[in-house]
Amino acid sequence: MHPSQWMKIDNIGLYCKPGDFYIDPMSPVQTALVTHGHADHAREGHKHVFASHETLAIMRTRYGEEMADEQQGVAMQTPLTFNDVVVTFYPAGHILGSTQILIEYAGYSVVVSGDYKRRHDPTCPPFEVIPCDVFITEATFALPVFRHPPIGDEIAKLLHSLAVFPSRCHLVGAYALGKCQRVILALREAGYDAPIYLHGAQIKLCQLYQQFDIALGELIPVSEVVDKQTLAGEIVIAPPSALADRWSRSLPNVRTVMVSGWMQIRARAKQRNAELPLIISDHCDWPELLQTIEEVNPTEVWVTHGREDALIYQARKMGYRARALSMVGYDEDEQGESFHGSV
Amino acid sequence: MEAFSELLEQLYFTSGNNAKAALIKDYLASTPDPDRGWAVAAIAGALKFDFFKRNTVKKLITERVDGELFAMSYDYVGEVSETVAHLWPDYEPSVKLPALSEIIDDFMGVSRNKVSGTLANYLSIMTPAQRWALLKLGTRGLRIGVSARSIKQILADYGNKDISDIETLWHGVKPPYTNLLLWLEDKGPKPDISDVLTFHPVMLSHPIEEKHIDDFCPHLWQIENKYDGIRVQLACNTQKAESQKALFSRTGDDISHAFPDLLEAISGNLVLDGELLVMHKESIDTFNALQQRLNKKKPSNALMKTFPAGMIVYDALVIEGIDLTSLPLAERRKKLQDYLTQTEKGINPRLHLSTTLFAASADELRALHQKVCQNRAVEGLMLKRLDSYYVPGRPKGKWYKWKRDAFTVDAVMMYAQRGHGKRSSFYSDYTFGAWQDDTLLPIGKAYSGFTDDELKKLDNWVRRNAIGRFGPVREVKKELVLEVAFDAVHTSSRHKSGVALRFPRIHRIRWDKPASEADTLETIVSLIDT
Ligand SMILES: [Zn+2]
Ligand SMILES: [Zn+2]
Chain A
71 MHPSQWMKID NIGLYCKPGD FYIDPMSPVQ TALVTHGHAD HAREGHKHVF
121 ASHETLAIMR TRYGEEMADE QQGVAMQTPL TFNDVVVTFY PAGHILGSTQ
171 ILIEYAGYSV VVSGDYKRRH DPTCPPFEVI PCDVFITEAT FALPVFRHPP
221 IGDEIAKLLH SLAVFPSRCH LVGAYALGKC QRVILALREA GYDAPIYLHG
271 AQIKLCQLYQ QFDIALGELI PVSEVVDKQT LAGEIVIAPP SALADRWSRS
321 LPNVRTVMVS GWMQIRARAK QRNAELPLII SDHCDWPELL QTIEEVNPTE
371 VWVTHGREDA LIYQARKMGY RARALSMVGY DEDEQGESFH GSV
Chain B
13 MEAFSELLEQ LYFTSGNNAK AALIKDYLAS TPDPDRGWAV AAIAGALKFD
63 FFKRNTVKKL ITERVDGELF AMSYDYVGEV SETVAHLWPD YEPSVKLPAL
113 SEIIDDFMGV SRNKVSGTLA NYLSIMTPAQ RWALLKLGTR GLRIGVSARS
163 IKQILADYGN KDISDIETLW HGVKPPYTNL LLWLEDKGPK PDISDVLTFH
213 PVMLSHPIEE KHIDDFCPHL WQIENKYDGI RVQLACNTQK AESQKALFSR
263 TGDDISHAFP DLLEAISGNL VLDGELLVMH KESIDTFNAL QQRLNKKKPS
313 NALMKTFPAG MIVYDALVIE GIDLTSLPLA ERRKKLQDYL TQTEKGINPR
363 LHLSTTLFAA SADELRALHQ KVCQNRAVEG LMLKRLDSYY VPGRPKGKWY
413 KWKRDAFTVD AVMMYAQRGH GKRSSFYSDY TFGAWQDDTL LPIGKAYSGF
463 TDDELKKLDN WVRRNAIGRF GPVREVKKEL VLEVAFDAVH TSSRHKSGVA
513 LRFPRIHRIR WDKPASEADT LETIVSLIDT
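Protein sequence lines correspond, in order, to chains A and B.
Residues 71 to 413 in our numbering are what the first sequence lists, from first letter to last.
Residues 13 to 542 in our numbering are what the second sequence lists, from first letter to last.
Just chain B, same shape as in the assembly:
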């Protein structure tokens, strides 16, 4: 455990990807299995469940530390794990802590009612830095600036292997990755994943630029709606003794458990790429409806009936067990269309072939974009080269997305809160509101869209204009207008205003604009998805 904590400490304070990679490779070379594999899993965010819940941690600390003092400390530190790590009152140093893997085994084996006691015992023999490492590990909250993608690159470098090998293997191997690591060190065979349904890294698009539209040439491109759902990959092999099905998010997270209704109906040996939506037969429900499903790890039957999951399929990587990724899009599309419309297994009420659209010229394309954007279930257009192979990552010049222009409103800052992590000393999370008659009603919260300089100015403004405090939240004078950009508005019962914005971010700070001239709730309601 000491080495793991030491590694995290160093990674945390080291900037520069190369230096971080060097630290991790050094750790891999000097740490035995299975500890090092667990560390990789923790850093890559590949642990499948929490060892303990955040609430357990909160409960333990509130039993030991005064609630007010905890609140003030948390407000200052900006992060629960670190606050707890410092506030934990007991410390009996032990000569040597158990190995990381022993601690993990302990949490995996312990019965539910003993988790909290086990955690308390460990916290009491650790230093604040080690406690922090354990709390971050156990709640899967490690953020030390090493992405899942870069850890794969580091593993590839460590073993002198190709990154695509690692990516393909990744979803077929499990922590603590003993076989993978031995293979990387040429001490064992390449892990066999032929029996495992794996995630295929997806092909991504670039934002379209004006020049691409000007150069538009109709026979080169497939045009589709860009749907307002989430990108998923459906993988299925029901032709084996033990049939397997999985739904992956675009980053490879397995989200099957949340969508049994979709998976239930699928059979065959295939990998499909598409958009997950709530669909009532052919008709697409709002993103808000999908949100109801995404929030539930285990949906009830009633919920699945009210918000049935469907998938608009726009590409196929595997059909009938045959890999199609090295065929051009035009051919993949043909096979997909045949499969979904003409085969017994393919015809399925939950699977819908993505419609292709047509424009004969750049002007027609512009008109088409304008037209589709009037439909609020659509976010814009996708343009895909008909000759594009299915290449993981973001190859240049192949796929483009053309999003709908964002909406903006002028809202008034109402509350501010400190950010987390790097931003914990700044008031960087802002709640803003719109007018209803002469009162402001909060309509959302934003914590991005501004530069570091603007953040400093906003922070300073909050400090000078704070008028009240509710725990960590400062109320401010209702004087500063924020121009907020967002992608859509939904109705919401959670907010008093009755609306919720999608992806709100600060577009501009209107230092010049009087608060009384900010927008009304009515204006925002008029933009609601229908």
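The following block holds chain A by itself, in its conformation from the complex:
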């Protein structure tokens, strides 16, 4: 039986009827399978949650120990059954603990890839190509204008700026889960071993990464710095929302750095008042989306989460059946950007 007859979208999320579970539901359900910890995928209050151990830990960090009645950590590549449905989790390469979910039923297979990327990321195992009939893909950066530069080049810009403006506090706006840690690791990889200062919102998740043996080097909460003037010439990482608020006014001679895949479009970077936009993304760029579709080589592509029309158009041009999977909470347009997780 074709998956379009047993997978459906309702106002909660993607539902698998024979297995009676939701994937990344937006409101509390009986059984939820969660691909990863970003808030547009992982919500609290479910009866029963299945997710990677890291994702469960992230959810507990964000929502507290009681985030779901029952929490079941899932091992990668180990099949589980829900009635007649076989479910297997695979790495997605997006952030710590991120997974794709393979669903097999009635002779068909569906891969819900969640958010994913193909670049090297030291915080998570790489995306795995899983052959399937229906591949459900995100489309966050699904326009041919999006071609993310190598992360090393972007980090070099930040280090260059520190050299040119040694007395300015470099305030880096980066989403607290995934992006922040990736930036820290890339700085370390580039040889930057000075302490990195954190806004309060970044601390818990960085500590969690450290518990999973990801070495982030010396991190200091900004709140523990008595004389904020000493932050001149240092790197401070804060959530993008904190860049413009009162909190940042205590920092000396701020230079605003924004880290996001959207920074590639100058008008957007300008809108965010970025003086130094860095293009670093935890999603695929356009060539990687196409490469992934080719490698997975499904018979059908369902597109969600972003610029659906362009990717559907291109997938069809490449000879695949393709259609939009309009999902609740997955806003198709910019309104979703701020709400959407690490981009």
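A portion of the hints provided could be inaccurate.
[Unchecked claim] Using 25 Å as the maximum straight-line C-alpha spacing, the simulated DSS-like pairs for lysine-lysine come out as follows:
1. K387(A) / K70(B)
2. K469(B) / K340(A)
3. K37(B) / K340(A)
4. K340(A) / K468(B)
5. K293(B) / K346(B)
6. K227(A) / K37(B)
7. K227(A) / K108(B)
Hints were generated in silico from the structure; no laboratory data involved.
Go by the hints and put chain B with the ligands onto chain A.
Structure of chain B with the ligands alone, referenced to chain A:
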């Protein structure tokens, strides 16, 4: 080229005029001639012609990228140059790009049929940021928040010179400004521009306030009609071996090529300030008629015959080679009047002395304003102090404009489109229509007049009420009434409604008003210029 691109990149993302000025001065100090002069010209908008046409760029990209994907990308990015910069498929990095001046020389020297190939070659060795810089430079579309005026100020600061020196020199020097820059650095003499016809920065007026009208004192003021044309400066010196004539716009753009009929008849050594209009002998045609001329870089004889250019002269900066700017208006006016009515060179069917009007009191002045505004060729009144010297810029308390009240209509939003540049993520350009029986006909487009907050609300409304898409244009439910202000209505064959509004802007958003109560086309037609 790398340094130029880097400069633009930094200017683009830097806010604050001082920081921008510092970046430019730093660039001037560290970049050799002639590159830096070309950069100044590009930023100041002083390049005289496109190195390549927008169409060439579009053609190159459509040969390389799927049309649908280009359209979707453009819709998202909001700007052609940047879209192309990102979409360009080939990239073979070169160790060092040619200098900016080499690239410019290349485009200036290349034959027409090779422009496109030259451009393609350059795009293929550049990063997206460098491509963007080249495309913006070549199509003269740089907008990085540095005005022509502020670049002059920056040059003055850079060389520790007076801004008025720079302004006077500006139209006498040409890119790449090598002499100017050397003079600024005290490495060369002041550029000699005595042989060049230059633009004299014009004197501008302030909007009048109620208190000025109350205090009106008839013997202090010269009153004139405010004409609905464009402000021009006519400069001419036919007494030299090589005679020179030029017509400048109020910002100093040389628009001579579009008005040979006006210039042809002029002789003498003079600089006149006035209004350019289409005039049939004494009678003034509409702004719409003038528009026909403004749109044509090289007008045909037929067009010039149908829409002959004329000038209503209201001031003189130079007559018979003598500078009058330090005389009071009353004396300048006297000399101008004598010249235009009594001298052989001055009497000219294309030049008309601006009529002065009289009001004996504030009340009479108000009545006069009301009266002149009934004439649709007039936009209101000008009040100028009789003792005012001709001072460039906008000196306080000297000249006032008293415009006609704007018209307003209630129209219904029909389509919306994303804006450009900073606004590219908002639906900020709105097409609105008026009723004819029970259908709406589009009457115009507006993209200003609202606050940032209102823009967000409008954008949100468009997203929630979009019902169709035509390329980048979203059709919306015909439910939102916009109160649109505008200065005039003209007949137009370009619009199905047959009308075109002048300077339409959103006056108010009528969230409260049902669309069925918006105005009819008939109402708007009744306001048409006659
Ligand atoms: Zn995510
Ligand atoms: Zn997501």
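Straight-line alpha-carbon gap K37(B) to K340(A), limit 25 Å | Roughly 23 Å between the alpha carbons, so the hint for K37(B) and K340(A) holds.
CA of K387(A) to CA of K70(B), is that 25 Å or under?
-> Answer holds: K387(A) to K70(B) is near 22 Å, not above 25 Å.
25 Å limit on alpha-carbon distance, applied to hinted pair K340(A) and K468(B) | Within the cut-off at roughly 17 Å; holds.
Pair hint K227(A) and K37(B), alpha-carbon separation not exceeding 25 Å | Given that 25 Å is the threshold and the Cα spacing comes to 22 Å, the pair holds.
CA of K227(A) to CA of K108(B), is that 25 Å or under?
-> At roughly 19 Å apart (the allowed maximum being 25 Å), K108(B) and K227(A) satisfy the hint.
Has the given pair, K293(B) with K346(B), been kept, meaning a C-alpha gap of at most 25 Å?
-> The given pair, whose Cα atoms are some 23 Å apart, holds under the 25 Å limit.
CA of K469(B) to CA of K340(A), is that 25 Å or under?
-> Within the cut-off at roughly 20 Å; holds.
In summary, this structure violates none of the numbered hints.
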